[in-house]
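Enquirer: Okay, here's what each chain looks like letter by letter:
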Amino acid sequence: MSVPLSEATAPAASAGPGRGARLLRLLSDPMGALGILLVLAVVFGAIFADVLTQYSPTKLAPRDRFLPPDAAHLLGTDQLGRDLFTRVLHGARIALGVALVAASASFAGGLILGMIAGYGPRWLDSLLLLLFDALRSFPTVMLALALVTLAGPSLSAVVLVVVLATLPGYARVVRAQTMSLKGAEFVLAARALGAPARRILPVHIMPNIIGPLLILASMDIPVVITIEAGMSFLGLGVRPPTPSWGSILNDGFSFIRESPWPAIAGGLPIVIATLGFTFLGETLRDQFDPRLRKDA
Amino acid sequence: MLAYAVKRTGLAVVITAVALVMLISVIQFIPGDPAAVLLGPLATPELRESFRVEMGLDQPTIVQIARFFGRVVTGDLGTDVLTHRPVALTVLEQMPFTLALIAAGIGWAALLGIPLGCFAAVRRGSLADRVIAVLSVSMIAVPSFVVAIYSLLFFSVKLGWFPTIGAGEPGDRIDQLHHLVLPSLAVGLGWVGYLARMVRASMLEVLTENHIRMARAFGLRERTITFRYALKLAVIPTVVLLGIGVGHMISGAVFAEIVFARPGVGRLIYDAVITRNYPVVIGGVMITTAFYVLCTLVADLVAAWLDPRVRSAL
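Here the protein sequences line up with chains W and C, keeping their order.
So the first sequence is numbered by our numbering: it starts at 1 and just counts up by one.
So the second sequence is numbered by our numbering: it starts at 1001 and just counts up by one.
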C-alpha cells in the first residue's frame, strides 16, 4: 500500500463536513444504519446484562436442561439448565472487554513501532519489517495453539494472540504514512528548528496518522471478537463457567444431537457482533477514507 | 524476473527462519516452567528435570536455538511423545487431508466468488450489485467456525444431507467428496466474499481499458467482451489474494476438522495441545507456517510473472 492514506500535508482534522453531517450520512446508508443498530444492541446487552434478565449466567438448574426457547428463556437453556440468553448477554461483556483491551494495546503498539520504523534509521526499519513479516507468517490459530500449549489457556493469552496477530497490520500502515510525512514541509521545518524525534513524532506526525488508523482499528474489532470466540471455542481462552460466546458455542456443539438451541444461541451473538462492527467499519471507511480499501 | 524470484525466495527463507526463532524463543519468555506446564501438576521433580534435559531446556537460549536449527535443516522436528515416531512424519501424513480441504475451499471461493463479482461489476450500481456487496461483506465477517457449526446443524443433523463426521471411506472418491462439501464450505465461504469483491473491483478497472473499448467499437457482443476479454484479466489479482487466503484457510481448517471430526493437520495439532504433546504442536505449527510462507511466495511469483509491474515493488 504505497498510496498515502490521507492527504496529510496539513493537520487532517480540518477537512470535510461537520460531525453532525457525517453522522447523518452514516445513518442514511442502510448498511451503516444496520451496523450501528447491531453494535448498539450488543453494547446495550453487555452494559445491562444484569438488569435485562433475572437469571444467573453460571448457576446450575439441572431440571431445566435443554429447554427450547419460550417467553421465560428467550434462547432456551443449555446442558446444565442455565438460561442461554443470560449467558449470551454476559458473554458480550467478555467479547467487548477483550476487543477493547486487545485492540487498544495492538493499536498503541502498532502506532509506536510503526513510527519508529518509518522515522528511524534504515537498519531499524528493515529489522522491524522483518519481525512484522515473520509474525504475520503464522496462521492466527496456529499462533494461538502454540502459545496456549506453553502458557496455558487464559484471557491474557487471548489478548496476547490478538496483539501479535493484528499489530503488524497497524505498524505497516503507520510506517508507510510516517515515511511519506517525513519529507513534508512542516516536518522538515520542525526539524530545521531543531525539534528532536521524540517531539516530531507525537506532535507533528501522530495527529496525521491517527484518523485513518482509528478506522482501521474499527474494522479490526470483528477480527478480535472472532479470535476471542474462536479461542474460547477451542478451550484456549476463557475458562468455564465464565460465559464466552465461543465456549457457549462449544457447549452447544458437544450436545448438538440433544438440542440445537445451545449451538444456535452461541453462534447468534457472534454473527450479530461481527456483522454489526463490519458494516459499521466498512461504512466509516468508505465515507472517511475510501483509499483504505484493501481490495479496490 | 529471475532477479525478483531470487530476492523474493530469499526473503521467504529469512522470514521463515525468523518466525522459527520467534517460536523457539517464546519458550524462554513465557513465565513459569514449561516443563511444569507441559507435564501437568502431577509430574515429579525428577520427571520434570529429565524432561528438561531431554528437550534441551537446560541449555542457554542461544544453544537451544542453534541446536534446534541444526535439527530442522536436516528435517528432524523431534519425536512424538506418545507414539515415539518422528514428528515430521506424523504431520506430513495428515497434510493431504488438510490440503484437500483447503483446495476444496478455494474451489468454493472460485465457483461462487468469481461469478458473483463478475455479475456485480457488469450490473454496477444496480440493486443486485448492492445486495452482492452486502452479502460479500457478511461472508467475510462471519467466522468460519460459526459457519461450520450452523451448516453441520442444518444440513447434517437436521436435514441429513451430508455426513457429520470423518473424511469418508479411503479409496471411495464420491464418499470422500461428499464428506468434503460442508467442511470446505466453512473454510471457503469467507473467500467467496473476498473473491467477489476483488473480481468486481478489478473487472470495473479492466472494463474501462482501451482494448475493451476497442472490442465494443468493433461491435462484439457484451457477453463475449465480459467473459473472453475482461474476466481473463480481472482474475489475475485474485491469485495474490488466494496466496494470503491460504493462511486464513489453514486457521479455518483447524475448526472445520474439529467440528466435522476430520483427520488433518489442524486436528492433529489441536489434539496434541490437549494431550500436551509439545513436539507435535511445535512441529505442526512450524510446518503449517512454512507452508503458508511458501503459498504467499508462489502467489507473488505468479503475480510477478503475469504482471511485470509487481517485480519492481520489492
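One should not assume that every hint holds.
What the hints assert, rightly or not - Some but not every residue of chain C turned toward chain W, in silico, with C-beta under 10 Å:
1) Val1018
2) Gln1094
3) Val1122
4) Ser1126
5) Tyr1150
6) Phe1154
7) Lys1158
8) Gly1252
9) Val1254
10) Ile1282
11) Gly1284
Quick caveat, the hints were computed from the structure, so don't treat them as lab data.
All figures in this text were calculated on a predicted structure; none of them were measured in a lab.
Idealized CB from N, CA, C, for every residue including glycine.
Enquirer: Each hint should be assessed against the structure and marked as holding or not.
Expert: For each hint, the structure was consulted:
{"no.": "1", "hint": "Val1018", "verdict": "4 Å, holds"}
{"no.": "2", "hint": "Gln1094", "verdict": "14 Å, violated"}
{"no.": "3", "hint": "Val1122", "verdict": "17 Å, violated"}
{"no.": "4", "hint": "Ser1126", "verdict": "15 Å, violated"}
{"no.": "5", "hint": "Tyr1150", "verdict": "6 Å, holds"}
{"no.": "6", "hint": "Phe1154", "verdict": "9 Å, holds"}
{"no.": "7", "hint": "Lys1158", "verdict": "7 Å, holds"}
{"no.": "8", "hint": "Gly1252", "verdict": "8 Å, holds"}
{"no.": "9", "hint": "Val1254", "verdict": "5 Å, holds"}
{"no.": "10", "hint": "Ile1282", "verdict": "7 Å, holds"}
{"no.": "11", "hint": "Gly1284", "verdict": "8 Å, holds"}
Taken one by one, the earlier hints fail for this structure at numbers 2, 3, 4, listed in ascending order.
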